[in-house]
Amino acid sequence: MMRFFCLSLGVFLSFPLSFSAAFAQMPTDPQALQWLQRMYSATQKLSFAGTFAYQHGSHMELSRITRYVDASGPLEKLEPLGGPLREIIRSPDQVTCYLPDSLTVKIDKQIEDRSFPSILPDQFKDLTDNYSVRKGEVERVAGFDCQVIILTPKDRMRYGHKLWADIQTGMLIKAKTLDERQDLVETFTFTQLQIGGVDRGKVKSRFAAKGKEWRVEDSGATDAHLIEAGWILRSQPPGFRKIGEMRRNLGGATGVGHIVLSDGLAAVSVFIEPLANRRVESAGLVRHGAINVFTRQLGNHWITVVGETPAESVKYVANAIEYRKPN
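First residue of the sequence shown? That's 9 in our numbering, and the numbers climb one at a time after it.
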């Protein structure tokens, strides 16, 4: 999983199944959709600084996040407060991950702004095809009065979400993710948050100067048309569509194909890597919180699918990849 650490930054519902299946057919509340739009706008337009807790199973980690927004776009700094020392700086077009313990800087291309809730504006209208969306109660979280918004998936290809948005600003304060059995997959919640009043200097990396002397691992991501090389995605999970396609360096391997799919909220990445570049490993499924990773061998390549989705989605995508020799 560390192989995909700086690719899966993202952070970052409790009905019986019989009720959940019935509820998924209920019409979406237009006011709930307006709240989702407010949440998206807040993450794009507001500067803020705070500490949040992320928990999956018995594992919990605390991180500090600082976001500064001006006319040139958002800048963000993420600092996990436990485990190995690391710092992640995100700009509109690049993600830089500083790893002081190994004196390494990882640089990657930013495909889309995946700030949570990572709603892609051009797919916002499609969300109701895949989720039923409704308002819940008003609840208090971390000192903020919040409107609860519940998204119930219409199939097993995506998770359900319960979101708490600050009534005054629309800022997301807390989020829960549930699987198809309505079991809690992960929780994200601010424990302390300051909205506004953030200085640009607060998002500057404290390792930027030292990092100039560290080893640099650049993904070298460039746009690509993998179909020209023979790689075909035969079909996609309902509601998902391709939002990016490139070649990149990954874990010492070069020329790795990378396809990104999204349903407007959840994202799935496909990595296509020559077998010779990989150490011997077992194919199959691995789960880490809300992220599922499915790996299979196809000819002389490894296909790895990483998704903020249930296992069904990543397996579906992995098995839909085909190679057809170009004419």
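Quick caveat, the hints were computed from the structure, so don't treat them as lab data.
Even glycine gets a Cβ: it sits at the ideal position worked out from N, Cα and C.
Don't take each hint at face value.
[Claimed, not checked] Okay, derived cross-link-like pairs now, SDA-like style, lysine to any residue, Cα gap no bigger than 20 Å in a straight line:
#: 1; residue 1: K85; residue 2: G58
#: 2; residue 1: K170; residue 2: R148
#: 3; residue 1: K210; residue 2: Q102
#: 4; residue 1: K117; residue 2: S227
#: 5; residue 1: K212; residue 2: T74
#: 6; residue 1: K117; residue 2: Q52
#: 7; residue 1: K333; residue 2: I299
#: 8; residue 1: K85; residue 2: L54
#: 9; residue 1: K212; residue 2: Q42
#: 10; residue 1: K210; residue 2: K333
#: 11; residue 1: K143; residue 2: G58
#: 12; residue 1: K210; residue 2: Q305
#: 13; residue 1: K333; residue 2: N257
#: 14; residue 1: K170; residue 2: D187
#: 15; residue 1: K323; residue 2: Q305
#: 16; residue 1: K117; residue 2: R94
#: 17; residue 1: K210; residue 2: E95
#: 18; residue 1: K114; residue 2: G219
#: 19; residue 1: K85; residue 2: K250
#: 20; residue 1: K170; residue 2: K333
[Stated by the list, open to error] Distance ranges between label pairs, derived from CB positions:
#: 21; residue 1: I175; residue 2: D226; range: 17 to 27 Å
#: 22; residue 1: V146; residue 2: Q52; range: 37 to 47 Å
#: 23; residue 1: A261; residue 2: E147; range: 45 to 55 Å
#: 24; residue 1: A291; residue 2: I235; range: 18 to 28 Å
#: 25; residue 1: G209; residue 2: E147; range: 13 to 23 Å
#: 26; residue 1: D226; residue 2: V146; range: 43 to 53 Å
#: 27; residue 1: P100; residue 2: R189; range: 31 to 41 Å
For each hint, the structure was consulted:
no., hint, result
1, K85 - G58, "11 Å, holds"
2, K170 - R148, "14 Å, holds"
3, K210 - Q102, "18 Å, holds"
4, K117 - S227, "7 Å, holds"
5, K212 - T74, "10 Å, holds"
6, K117 - Q52, "19 Å, holds"
7, K333 - I299, "32 Å, violated"
8, K85 - L54, "14 Å, holds"
9, K212 - Q42, "33 Å, violated"
10, K210 - K333, "51 Å, violated"
11, K143 - G58, "26 Å, violated"
12, K210 - Q305, "45 Å, violated"
13, K333 - N257, "23 Å, violated"
14, K170 - D187, "12 Å, holds"
15, K323 - Q305, "13 Å, holds"
16, K117 - R94, "18 Å, holds"
17, K210 - E95, "13 Å, holds"
18, K114 - G219, "10 Å, holds"
19, K85 - K250, "28 Å, violated"
20, K170 - K333, "45 Å, violated"
21, I175 - D226: 17 to 27 Å, "43 Å, violated"
22, V146 - Q52: 37 to 47 Å, "24 Å, violated"
23, A261 - E147: 45 to 55 Å, "46 Å, holds"
24, A291 - I235: 18 to 28 Å, "24 Å, holds"
25, G209 - E147: 13 to 23 Å, "35 Å, violated"
26, D226 - V146: 43 to 53 Å, "46 Å, holds"
27, P100 - R189: 31 to 41 Å, "38 Å, holds"
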